[in-house]
Amino acid sequence: MPDRSTARAGQAAPTVTDPAHLRNVVLIGCSGAGKTTLAESLALAAGAIGRTGRVSDGTTVSDHEEIEHQQQRSVQLSLLPLEWNGIKVNLLDPPGHPDFSADLRAALHAADAAVFVVSATDPVTSPTRALWRECAAEGIPRAIAVAKLDIARSSFDDILTACHDAFGLGPDTLRPLFLPVQHDGHPDGSVDLLTGHTYGQTEPLPDTAPARDSLVEAISGQDDTLMERYLAGDTLDTDSLEDGMRREVLACTLHPAVPTTDAGLGAAELLDLITTAFPDPTQRTRPAPECDPDAPLAAQVVRVTGDAYVGRISLLRIYAGTLRPDTRIHLTGPDHPGDQDGDERVTGLTSPFGKLQRSVPHAVAGDLVCAAKLTSARAGDTAHEPGHPVKLDTWTLPEPLLPIAIEAHSKADDDKLSQALARLAAEDPALRLEQNPDTHQLVLWCTGEAHADVVLDRLRSRHGVHVDTVEPRVALRETFGTAAAGHGRLVKQSGGHGQYAICDLEVEPLPAGAGFEFDEHVVGGAVPKHFIPSVEKGVRAQLAKGVSTGYPLVDVRVTLTDGKAHSVDSSDSSFQTAAALALRDAAEHAVIRLLEPVAAVSVLLPDDYLGAVLTDLSARRGRVLGTETGGPALTLLRAEVPELELVRYPVDLRSLTHGTAEFSRAYLRHEPMPAALATRYTEGRARS
Numbered sequence: 001m002p003d004r005s006t007a008r009a010g011q012a013a014p015t016v017t018d019p020a021h022l023r024n025v026v027l028i029g030c031s032g033a034g035k036t037t038l039a040e041s042l043a044l045a046a047g048a049i050g051r052t053g054r055v056s057d058g059t060t061v062s063d064h065e066e067i068e069h070q071q072q073r074s075v076q077l078s079l080l081p082l083e084w085n086g087i088k089v090n091l092l093d094p095p096g097h098p099d100f101s102a103d104l105r106a107a108l109h110a111a112d113a114a115v116f117v118v119s120a121t122d123p124v125t126s127p128t129r130a131l132w133r134e135c136a137a138e139g140i141p142r143a144i145a146v147a148k149l150d151i152a153r154s155s156f157d158d159i160l161t162a163c164h165d166a167f168g169l170g171p172d173t174l175r176p177l178f179l180p181v182q183h184d185g186h187p188d189g190s191v192d193l194l195t196g197h198t199y200g201q202t203e204p205l206p207d208t209a210p211a212r213d214s215l216v217e218a219i220s221g222q223d224d225t226l227m228e229r230y231l232a233g234d235t236l237d238t239d240s241l242e243d244g245m246r247r248e249v250l251a252c253t254l255h256p257a258v259p260t261t262d263a264g265l266g267a268a269e270l271l272d273l274i275t276t277a278f279p280d281p282t283q284r285t286r287p288a289p290e291c292d293p294d295a296p297l298a299a300q301v302v303r304v305t306g307d308a309y310v311g312r313i314s315l316l317r318i319y320a321g322t323l324r325p326d327t328r329i330h331l332t333g334p335d336h337p338g339d340q341d342g343d344e345r346v347t348g349l350t351s352p353f354g355k356l357q358r359s360v361p362h363a364v365a366g367d368l369v370c371a372a373k374l375t376s377a378r379a380g381d382t383a384h385e386p387g388h389p390v391k392l393d394t395w396t397l398p399e400p401l402l403p404i405a406i407e408a409h410s411k412a413d414d415d416k417l418s419q420a421l422a423r424l425a426a427e428d429p430a431l432r433l434e435q436n437p438d439t440h441q442l443v444l445w446c447t448g449e450a451h452a453d454v455v456l457d458r459l460r461s462r463h464g465v466h467v468d469t470v471e472p473r474v475a476l477r478e479t480f481g482t483a484a485a486g487h488g489r490l491v492k493q494s495g496g497h498g499q500y501a502i503c504d505l506e507v508e509p510l511p512a513g514a515g516f517e518f519d520e521h522v523v524g525g526a527v528p529k530h531f532i533p534s535v536e537k538g539v540r541a542q543l544a545k546g547v548s549t550g551y552p553l554v555d556v557r558v559t560l561t562d563g564k565a566h567s568v569d570s571s572d573s574s575f576q577t578a579a580a581l582a583l584r585d586a587a588e589h590a591v592i593r594l595l596e597p598v599a600a601v602s603v604l605l606p607d608d609y610l611g612a613v614l615t616d617l618s619a620r621r622g623r624v625l626g627t628e629t630g631g632p633a634l635t636l637l638r639a640e641v642p643e644l645e646l647v648r649y650p651v652d653l654r655s656l657t658h659g660t661a662e663f664s665r666a667y668l669r670h671e672p673m674p675a676a677l678a679t680r681y682t683e684g685r686a687r688s
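In full-length UniProt numbering, the protein residues as written are 1 to 688.
Take these hints with a grain of salt, some might be off.
Unchecked claim - With a straight-line Cα cutoff of 20 Å, these simulated EDC-like cross-link-like pairs (lysine to aspartate or glutamate) come out:
| id | residue 1 | residue 2 |
| --- | --- | --- |
| 1 | 148 | 188 |
| 2 | 529 | 468 |
| 3 | 537 | 555 |
| 4 | 545 | 555 |
| 5 | 355 | 427 |
| 6 | 545 | 608 |
| 7 | 564 | 585 |
| 8 | 537 | 519 |
| 9 | 355 | 307 |
| 10 | 411 | 344 |
Since the hints were derived computationally from the structure, they do not count as laboratory data.
Between the sequences and the hints, there should be enough to build the whole structure, so can you do that?
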């Protein structure tokens, strides 16, 4: 392996001119696995921070928002540009919590390789297994960093065996590249199995021969020349083995493993692995423009964040060309339908490190860089030179399924709320805003409780807007359960023109989803023709208000059968009012039913949790329609569930399945609510 880097803490942002000198790597692991601690160890080993864990401006690698300290976890994607032996390593550290998987998806899309951080105290979680399968399907080269070995009771070999089984790997696919050296029962050093070099504590040295032979066999297995030499008993030189390992890693037929500790063991070794075995941007296997610094610009917005002083900051992955300050770009995406709507000028380029933004002169194809004040940029947008259009594939975003209804705390907050939410939605692609026309509530659709906490904290801390959360309401409906007739009479005389209108209506229920029908069977001109539209207008206005609980009335046919008019005192408004009175009168003589929305729900979950999820859905008045195979050891469950029971379902489902299930929902229809439940809602509405 190459010699150690001699970079010092507080060094300038690394820049490159050749894409071959770049590595874009994402750290993947569940919350608490030790990703951020490993990232800080890598930064320390590379000389980007000092022993205090701080950069030259006093910030730490993980310093971003106060809520990260409150929740004791990362809540946004971090980029750490490091330099190691002349190679720039763009280390992408997304949050491990499932609520922030939008950042993980963005980081996976921007990276060319992945390091799975597996905690020795809790080796492999179900979400980590799912991400491994996803990376395998995308052909992303992977390695494993076993973290927290200094506090675990399991041996390094036992953990690798658990990873091998959990990830379903074939023989010779997962092999240690370094072995830990134990001292008084704790790893204090490591041995490079290819070179024999030792790092840190070197005594007592373990027997490395069996592990080295297995690694050499795994490297040689796919290379006929190396295998022939190996079988012939030749001593394979280090360069040949490293070249072979690189080919196997790029082909995803070998996944090296590195032992690490919270004290920093394994950081330098992992950087060596990244720079020698991981692909550079020119070797990217997934679809992208050719990585040519001299080609027309093709880039993609990975993330958009807000800064109190700088404003909006967009993180870009450059796929082709070279981006320089004072360059005009064109943005394309869902929010840029017109040819000119996405034109922006790049003012300055920076490289982030913690809260620090360090200026850089340019960013070549394959690099990651930040640009400030791209006011129309959204995550996933493609950026290209005007006149050289290109469209880059984007990534799948998680569907926000947890509703959080909010109200401004004061009039001053209300004045600022709309603009603040628009800015947050532009920065957070996983956040969806809804002004519900039925419940008249402002609803934030989030991916989970942790996501909701972050959104509300940013409203307060970034934008100075305080809000109160309230119970989300569901859009209920009313309908007639039986036919009835109603009489509406409006007769008022107060000097001058009075008000006179009499309407007789018949109301009958229609099938669910039929909507509203209006008819008239008036004989003898009892209601003049020009007032009949006024009757319908009055009925429709009352339908929107409801007749019993205040919820809209649906699925009825209203027929005007009789009425009276006055030659002077009748008017459009009089007949509207009389029609509304007649409809309310009919409701007093009929059975009014309360309708609730029902959603079609699909749940993809591991087979082990099927029983618990079925029991839970039954308690939520759900009707299971069936199950089918959703993949290896996975079940796809389909059900119909009242939306009243789904308000907290994302949180409860995650708890039931330990974060391994996915679900989607879609409005299906309104149907009658059980009588006992309807009575409670009716009484509650009357009290309010």
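query = Which hints, by number, does the structure contradict?
reply = Hints 2, 6, 10 not satisfied by this model.
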